[in-house]
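Number of protein chains: 2
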Amino acid sequence: MIGTEIERLIQLLAKLPGLGPRSARRAVLYMMKRREAVMTPLVKALAEAAEKIVTCHNCGNLDTVDPCAICADGRRDPTIICVVEEVADLWALERAGTYKGRYHVLGGVLSAIDGMGPEDLNIAGLIARAGEVGLGEVILATGATVDGQTTAHYLTERLAGCDVTVTRLAQGVPVGGELDYLDDGTLSAALKARRPA
Amino acid sequence: MIGTEIERLIQLLAKLPGLGPRSARRAVLYMMKRREAVMTPLVKALAEAAEKIVTCHNCGNLDTVDPCAICADGRRDPTIICVVEEVADLWALERAGTYKGRYHVLGGVLSAIDGMGPEDLNIAGLIARAGEVGLGEVILATGATVDGQTTAHYLTERLAGCDVTVTRLAQGVPVGGELDYLDDGTLSAALKARRPA
Chain C
43 MIGTEIERLI QLLAKLPGLG PRSARRAVLY MMKRREAVMT PLVKALAEAA EKIVTCHNCG
103 NLDTVDPCAI CADGRRDPTI ICVVEEVADL WALERAGTYK GRYHVLGGVL SAIDGMGPED
163 LNIAGLIARA GEVGLGEVIL ATGATVDGQT TAHYLTERLA GCDVTVTRLA QGVPVGGELD
223 YLDDGTLSAA LKARRPA
Chain W
43 MIGTEIERLI QLLAKLPGLG PRSARRAVLY MMKRREAVMT PLVKALAEAA EKIVTCHNCG
103 NLDTVDPCAI CADGRRDPTI ICVVEEVADL WALERAGTYK GRYHVLGGVL SAIDGMGPED
163 LNIAGLIARA GEVGLGEVIL ATGATVDGQT TAHYLTERLA GCDVTVTRLA QGVPVGGELD
223 YLDDGTLSAA LKARRPA
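From first to last, the protein sequence lines stand for chains C and W. For the first sequence, the positions run 43 to 239 when my numbering is used. For the second sequence, the positions run 43 to 239 when my numbering is used.
This is chain C alone, in the form it adopts within the complex (with noise of 0.2 Å):
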């Protein structure tokens, strides 16, 4: 007995990832609850994205500006590109804040089971932008995932002919991470790639 413009509200939120059909619903009543704090300003701000957001042409980021303001940012080194899979690996890699190249997003991994081949992914883009002048390095920061790895490993091939140099993110001990707790993998890696104190 709920009217059906909130019910298909509750259905469109329920399918969010990290939502369900009761959270969906918590939601929507604290939004109803607080039509002029929050609800308005939430159907404005997504109205404004789904209107604006673009993908850049140049490395696959989403913005509301093409090229994204990454690409745009004459401050950024443009002799660096940092390969990623997803935006959200260019977000987390943005919130660390140490990077100050460009970015190039894949759209994904390379993988067999679901059906992803080299030409899924923003890889012609890549090969076209190592091939530029100036350009010094590109760092391959895949996942650390079979697929991420392959990916990487298939990246390094494909761009052997390119005058770039090619490298990858280091893999060792997080930050933080207690050796008792690091699985054997993470411990063999940071073994072999150990360094001078």
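It is worth saying that the hints were derived from the structure and are not from the lab. Take the hints with a grain of salt, since some may be wrong.
[Unchecked claim] Now the in silico label distances, taken between C-beta atoms and shown as ranges:
| id | chain 1 | residue 1 | chain 2 | residue 2 | range |
| --- | --- | --- | --- | --- | --- |
| 1 | W | Glu49 | C | Pro120 | 48 to 56 Å |
| 2 | C | Lys75 | W | Glu49 | 19 to 27 Å |
| 3 | W | Ala231 | C | Thr46 | 35 to 43 Å |
| 4 | W | His99 | C | Thr46 | 19 to 27 Å |
| 5 | C | Gly139 | W | Gly139 | 48 to 56 Å |
| 6 | W | Pro160 | C | Lys94 | 45 to 53 Å |
| 7 | W | Gly218 | C | His99 | 18 to 26 Å |
| 8 | C | Val215 | W | Asp222 | 38 to 46 Å |
| 9 | W | Gly62 | C | Gly185 | 20 to 28 Å |
| 10 | W | Ser230 | C | Pro216 | 24 to 32 Å |
| 11 | W | Ala111 | C | Asp115 | 36 to 44 Å |
| 12 | C | Thr82 | W | Ser153 | 25 to 33 Å |
| 13 | W | Thr209 | C | Gly218 | 22 to 30 Å |
From the three backbone atoms N, C-alpha and C, an ideal C-beta is built for every residue, glycine too.
Since the structure of chain C is provided, determine the placement of chain W on it from the hints.
Just chain W now, with coordinates in the frame of chain C:
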């Protein structure tokens, strides 16, 4: 370096109950990748709901019509009113699907700590409805919390002058509940309210 529109959308979503900054980011990326399938319908549903939702002047329910669909439904028993704390409780009872009377949403509970007095709740409306000719029963379905029970007790006194039967929800063993895992209070209540088999 996330666009300000996207950042703002994430901040607004992160305010919803059950969502934090991380899940809000995930939700936004999920939506942005599925613009036609998810984002556009959500914008529409949210805008429609924000525009149309009103509080039913009769029972305090939220709906897109006033009086709400439940109050306007002639098939529902007008001789019984079920008093609940919040619209969420009304929805929960509707999901259970066995109650066929009307509702009255208080909009909270009496609480000395939160500074909620009788004048902060929709009690005047309830007393007025309880005085109407033809009403037979008022079910107090506030929560089994201290505040909920205090509110029920207060309402019982306020309704004493009206010509209606005032009832409370039964307390006892929840369906599917194992005795071993129940708290002492529930067990005592279930024992006290035992009935012929």
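Do the hints match the structure? See the list:
Here the CB-CB span from Glu49 of chain W to Pro120 of chain C is close to 24 Å, at odds with the stated 48 to 56 Å. Distance hint for Lys75 of chain C and Glu49 of chain W: a CB-CB separation of about 25 Å, consistent with the stated range 19 to 27 Å. For Ala231 of chain W and Thr46 of chain C, the hinted distance range of 35 to 43 Å is satisfied, since their beta carbons lie about 39 Å from each other. At about 21 Å, the beta-carbon gap between His99 of chain W and Thr46 of chain C stays in the expected band of 19 to 27 Å.
Between Gly139 of chain C and Gly139 of chain W the beta carbons are some 52 Å apart, a value that agrees with the proposed interval 48 to 56 Å. A beta carbon spacing of about 48 Å between Pro160 of chain W and Lys94 of chain C agrees with the range 45 to 53 Å that was offered as a hint. A beta carbon spacing of about 56 Å between Gly218 of chain W and His99 of chain C contradicts the range 18 to 26 Å that was offered as a hint. Our hint of 38 to 46 Å for Val215 of chain C and Asp222 of chain W holds, since their Cβ atoms are close to 44 Å apart.
Distance hint for Gly62 of chain W and Gly185 of chain C: a CB-CB separation of about 22 Å, consistent with the stated range 20 to 28 Å. Restraint check, Ser230 of chain W to Pro216 of chain C: a C-beta distance of roughly 50 Å breaks the suggested window 24 to 32 Å. The hinted range of 36 to 44 Å is not satisfied by Ala111 of chain W and Asp115 of chain C, whose Cβ atoms lie roughly 52 Å apart. Take Thr82 of chain C and Ser153 of chain W: their Cβ atoms lie about 28 Å apart, and the range 25 to 33 Å holds.
The hinted range of 22 to 30 Å is not satisfied by Thr209 of chain W and Gly218 of chain C, whose Cβ atoms lie roughly 56 Å apart.
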